[in-house]
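Novice: Generate coordinates for the entire structure from the input sequences, incorporating the hints supplied.
Listed below, chain by chain, are the residues.
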Amino acid sequence: KAGVTQTPRYLIKTRGQQVTLSCSPISGHRSVSWYQQTPGQGLQFLFEYFSETQRNKGNFPGRFSGRQFSNSRSEMNVSTLELGDSALYLCASSPGSPGNTEAFFGQGTRLTVV
Amino acid sequence: QQQVKQSPQSLIVQKGGISIINCAYENTAFDYFPWYQQFPGKGPALLIAIRPDVSEKKEGRFTISFNKSAKQFSLHIMDSQPGDSATYFCAARGNQGGKLIFGQGTELSVKP
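Protein chains in written order, with the working numbering: chain A, -19 to 94; chain B, 177 to 288.
Hints were generated in silico from the structure; no laboratory data involved. Backbone N, C-alpha and C define an ideal beta-carbon position, used for all residues, glycine too. Hints may be right or wrong, so weigh each one.
Example chain B residues on the side facing chain A (calculated, C-beta under 7 Å, incomplete) [said to hold, decoys possible]: (1) Y208; (2) P216; (3) G219; (4) G273; (5) G274; (6) K275.
Specialist: Shown next as structure tokens:
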């Protein structure tokens, strides 16, 4: 079974630009969550999508948004990039059904804002 | 109330020794407690997980001990190996779908 695939692996953007990151979950998994990882703040939850609907949202500004498609693939968008958005963005895939909560992470997308 | 506190921040253990990492939480609604292992340049990998109705779970050299009354849980790595050198994260999940709250991480170094 293929794991969680995140593209691209690395990205360099300029302040003020926007960026879109992609995540393909494990086949059959319906829940996709996004996390931001930085040395100072650790792993912080951004949002979760289940069956194309946002089920949970973390404490991030509205510049951070996401969506999920009917095939469970998910995209995350960050608009008006700031230097502080430089981080490793991780996607986690989970079956999403009650009682089956194991989450598996992708390798992440390393975003650098200059 | 949503925090998970992890200690120590870093840990050095000799090969063959026991590595112990501790986590504490406050929210009694948490019902799932996983541990993740992360190597540099990689995403976190699920190591082992426990639910609050169990006090201990063992998988190979990895054991989770869970103390519901103290709201604490810990990871024990027996016979630690240099290949175990990585950053370890504890996490907790509440009754809000898939949202995981992570501890700050422990950087483990196992010396040969």
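Novice: Run every hint past the structure and note whether it holds.
Specialist: Consistency of the hints with the structure:
1. Y208: Cβ of Y208 (chain B) sits 5 Å from chain A, so the hint holds.
2. P216: 11 Å, violated
3. G219: 4 Å, holds
4. G273: 4 Å, holds
5. G274: Holds: closest Cβ of chain A sits about 5 Å from G274 (chain B), inside 7 Å.
6. K275: 5 Å, holds
Hint compliance for this structure: hint 2 alone is broken.
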